[in-house]
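Visitor: Chain by chain, the residues:
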Amino acid sequence: MFKAEIKSETLKGLVNIISTLIDEVKFTITPEGMTLKAVDPAHVAMIELKIGAKAFESYSASVKEIGLDLDKVKAVLKLAGQGDVVSMEQDENKGRFVFRIGNLTRSMNLVDTSSMNDPKVPQLTLSAGAVMAVDQLLKGIRAAESISDHISLKADPEFFELSCKGDTDDASLKLLKGSDLEVLDVQSEVHSLFPLDYFSNILKAIPAGTKVRVELDNDYPVKLVFGLANGEANVIYFLAPRIESD
Amino acid sequence: MFKAEIKSETLKGLVNIISTLIDEVKFTITPEGMTLKAVDPAHVAMIELKIGAKAFESYSASVKEIGLDLDKVKAVLKLAGQGDVVSMEQDENKGRFVFRIGNLTRSMNLVDTSSMNDPKVPQLTLSAGAVMAVDQLLKGIRAAESISDHISLKADPEFFELSCKGDTDDASLKLLKGSDLEVLDVQSEVHSLFPLDYFSNILKAIPAGTKVRVELDNDYPVKLVFGLANGEANVIYFLAPRIESD
Amino acid sequence: MFKAEIKSETLKGLVNIISTLIDEVKFTITPEGMTLKAVDPAHVAMIELKIGAKAFESYSASVKEIGLDLDKVKAVLKLAGQGDVVSMEQDENKGRFVFRIGNLTRSMNLVDTSSMNDPKVPQLTLSAGAVMAVDQLLKGIRAAESISDHISLKADPEFFELSCKGDTDDASLKLLKGSDLEVLDVQSEVHSLFPLDYFSNILKAIPAGTKVRVELDNDYPVKLVFGLANGEANVIYFLAPRIESD
Numbered sequence: 001m002f003k004a005e006i007k008s009e010t011l012k013g014l015v016n017i018i019s020t021l022i023d024e025v026k027f028t029i030t031p032e033g034m035t036l037k038a039v040d041p042a043h044v045a046m047i048e049l050k051i052g053a054k055a056f057e058s059y060s061a062s063v064k065e066i067g068l069d070l071d072k073v074k075a076v077l078k079l080a081g082q083g084d085v086v087s088m089e090q091d092e093n094k095g096r097f098v099f100r101i102g103n104l105t106r107s108m109n110l111v112d113t114s115s116m117n118d119p120k121v122p123q124l125t126l127s128a129g130a131v132m133a134v135d136q137l138l139k140g141i142r143a144a145e146s147i148s149d150h151i152s153l154k155a156d157p158e159f160f161e162l163s164c165k166g167d168t169d170d171a172s173l174k175l176l177k178g179s180d181l182e183v184l185d186v187q188s189e190v191h192s193l194f195p196l197d198y199f200s201n202i203l204k205a206i207p208a209g210t211k212v213r214v215e216l217d218n219d220y221p222v223k224l225v226f227g228l229a230n231g232e233a234n235v236i237y238f239l240a241p242r243i244e245s246d
Numbered sequence: 247m248f249k250a251e252i253k254s255e256t257l258k259g260l261v262n263i264i265s266t267l268i269d270e271v272k273f274t275i276t277p278e279g280m281t282l283k284a285v286d287p288a289h290v291a292m293i294e295l296k297i298g299a300k301a302f303e304s305y306s307a308s309v310k311e312i313g314l315d316l317d318k319v320k321a322v323l324k325l326a327g328q329g330d331v332v333s334m335e336q337d338e339n340k341g342r343f344v345f346r347i348g349n350l351t352r353s354m355n356l357v358d359t360s361s362m363n364d365p366k367v368p369q370l371t372l373s374a375g376a377v378m379a380v381d382q383l384l385k386g387i388r389a390a391e392s393i394s395d396h397i398s399l400k401a402d403p404e405f406f407e408l409s410c411k412g413d414t415d416d417a418s419l420k421l422l423k424g425s426d427l428e429v430l431d432v433q434s435e436v437h438s439l440f441p442l443d444y445f446s447n448i449l450k451a452i453p454a455g456t457k458v459r460v461e462l463d464n465d466y467p468v469k470l471v472f473g474l475a476n477g478e479a480n481v482i483y484f485l486a487p488r489i490e491s492d
Numbered sequence: 493m494f495k496a497e498i499k500s501e502t503l504k505g506l507v508n509i510i511s512t513l514i515d516e517v518k519f520t521i522t523p524e525g526m527t528l529k530a531v532d533p534a535h536v537a538m539i540e541l542k543i544g545a546k547a548f549e550s551y552s553a554s555v556k557e558i559g560l561d562l563d564k565v566k567a568v569l570k571l572a573g574q575g576d577v578v579s580m581e582q583d584e585n586k587g588r589f590v591f592r593i594g595n596l597t598r599s600m601n602l603v604d605t606s607s608m609n610d611p612k613v614p615q616l617t618l619s620a621g622a623v624m625a626v627d628q629l630l631k632g633i634r635a636a637e638s639i640s641d642h643i644s645l646k647a648d649p650e651f652f653e654l655s656c657k658g659d660t661d662d663a664s665l666k667l668l669k670g671s672d673l674e675v676l677d678v679q680s681e682v683h684s685l686f687p688l689d690y691f692s693n694i695l696k697a698i699p700a701g702t703k704v705r706v707e708l709d710n711d712y713p714v715k716l717v718f719g720l721a722n723g724e725a726n727v728i729y730f731l732a733p734r735i736e737s738d
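Chains as they are written, first to last, in the working numbering: chain A, 1 to 246; chain B, 247 to 492; chain C, 493 to 738.
Just chain A, with the same shape it has in the complex (with noise of 0.2 Å):
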């Protein structure tokens, strides 16, 4: 049994994220929530979604898994106007997935989640750590975007650093202690580099002004930790890094 109430625009805020990585997803239900573990078809990123049962305006569920088509969701969200309330249940003598707002009703069947296997997600202790908005690393993203494909992210003592170098052109964007950042908790200069398509994507779901936690280490995936939801979502986003060549 499943079913529960969703502001239209806090479905959307899930639905966007997730969707930055793979349109076909499983999500595991309980009573007390919704959990989803996603990566990418390249194995690039990985994401780690934790959906609490106050996140929604009523939920009401058994254990069981929900395989949903996130392109039909969003679909449907579009038809959702602002303030709008989305009814989900599963209706369980047809297998289907049943979507309602006010009186338009969408149906649709489910996904098989037979062959989608949890993926591992790592446990990894990253030695730097920095929190900031995410509208100041996006800044960092748009600087980079005309000069490379990959952008450098560095951790210091005393600030955090998005740069990118191309044959005749470098930006760098220096976020300070104190200032643009709320933490940063680093015992010595780390850095890595990424792909920029990838940590652009992620980015750019965000809701602006959110608080990003980053965690980073030498040739190590970035952690991206932060809350949707007011809060009652929690999103873990794991990107490999690139070897830098020089």
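Hints are computed from structural coordinates only; laboratory data are not their basis.
It should be emphasised that the depicted structure is a prediction, and the values quoted were computed from it without experimental measurement.
Keep in mind that a hint or two might mislead.
[Unchecked claim] Straight line, CA to CA, 35 Å or less: simulated DSBU-like cross-link-like pairs of lysine-lysine: (1) C:K529 <-> C:K566; (2) C:K566 <-> A:K223; (3) B:K283 <-> B:K320; (4) C:K669 <-> B:K320; (5) B:K400 <-> A:K7; (6) C:K570 <-> A:K174; (7) A:K7 <-> B:K423; (8) C:K499 <-> A:K211; (9) B:K457 <-> A:K7.
Take the given structure of chain A and dock chains B and C to it, following the hints.
Guide: Frame of chain A, contents of chains B and C only:
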């Protein structure tokens, strides 16, 4: 002789409706106003438009026919600002049609109307009728767009429903007597299937908030009736049904 | 040495004007300001731009030439927010040009200016002159766009007219002395024909509301003179005429 002035927004609204069907049109002009009867090239939909002289800021005409290319009229309307009045005049000497907006003059050859025959408007008595805001119809259309090329309309004594069925997906919008519908006049349930693209094109051209009367029967054309230009223009639109294959 | 600060909106306005003609440009820099003379690759239009030191928030320079790729400068300006000040500096050691916006640093190689010769600005005395808001000129341009590739400018002692003729369509915008024109200084009627695309490109790059002085003669280039940056920058633009074929 033909000389008239009309608010650019009003003319825009009229042109938008007609150009869902055809680009080159023949207006029949009398001292009382203009009328147009047109069918699309595939003979799937038909429009009958009557524009009373009161829809214009000023109007003075003798009986005649005028052929216009609506793409050119749209280009002229793009030059008009908010609140501008468009003056229209047939230049008897040069056989041209002249638009004036402020200090701007735009003249164009008339389209030859000798081969344009007025379609015969069907005299149908459809058993079911309902009146609703066009916005409700549009919501049903948009829900169907990713699922099917057709949309089913059903009129029941208690509700009016837009629905569609795909292989794996369904959508349905149920408009209830009393709340969503202003009028519902149905003796016994009737329904017909229609091509989604035509239905969508005409609905998207109707200004938001407009009340539309929908008349329906079993496997008959649907008839839409609505007003434009503060009720000084009247539109009747017919759309042929598709045969259901089940 | 070159070091200056400028409001991002001001720099944007200057770059927009120049990049209607060319992408790679040479600025001649003196302690009093910057100048640029450029001609488009087809030698149809020419621009002379003088930016006084007062157009900048701060300005300090010795005599030198600097070559820049305006596409890159535009990419930098997209990173600036409303009200941001852009700091520019030539890095004497690395031979680079460095932009700074807040905590963001963007550096790029200079473009080689050794093969860029200053075009000779023609010393023309054109018999007719008129001053009008650029918005009026743009209205005439937009009316012509669907009709012809050329636009005719005519200056008469009583009016200034933009017009064009197609096979089946005409358009004309008549600007009257006293109402639409601030100045009209014409002894006897003159007119010339110009390529619509060039004329449209420069007019669309001029900020709305800007007063433009248009100087005209028979089959001579048209000269546009206007200010930018609150009058601290001055633009002279020449566009070569087309020969009328009638």
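Visitor: Take the hints in turn and mark each one as holding or not.
Guide: Hint check results:
Among the hinted pairs, K529 of chain C with K566 of chain C is consistent with the structure: their alpha-carbon atoms are about 19 Å apart, no more than 35 Å. Distance hint between K566 of chain C and K223 of chain A is fulfilled; the C-alpha atoms sit about 33 Å from each other, no more than 35 Å. A distance of roughly 19 Å separates the Cα atoms of K283 of chain B and K320 of chain B; the hinted pair therefore holds under the 35 Å criterion. Between K669 of chain C and K320 of chain B the CA atoms are separated by roughly 30 Å; this keeps the pair inside 35 Å, and the hint holds.
For the hint linking K400 of chain B to K7 of chain A, the alpha-carbon distance of about 30 Å falls within 35 Å, and the restraint holds. Proximity of K570 of chain C to K174 of chain A is assessed by CA-CA distance (about 18 Å); at most 35 Å being required, the pair is judged to hold. About 27 Å separates the Cα atoms of K7 of chain A and K423 of chain B, which keeps this hinted pair within 35 Å; it holds. As the CA atoms of K499 of chain C and K211 of chain A are separated by approximately 29 Å, the hinted pair is consistent with the 35 Å bound.
The straight-line distance between the Cα atoms of K457 of chain B and K7 of chain A is roughly 29 Å, inside the 35 Å bound, and the hint therefore holds.
Hint check: no violations occur; every hint is consistent with the structure.
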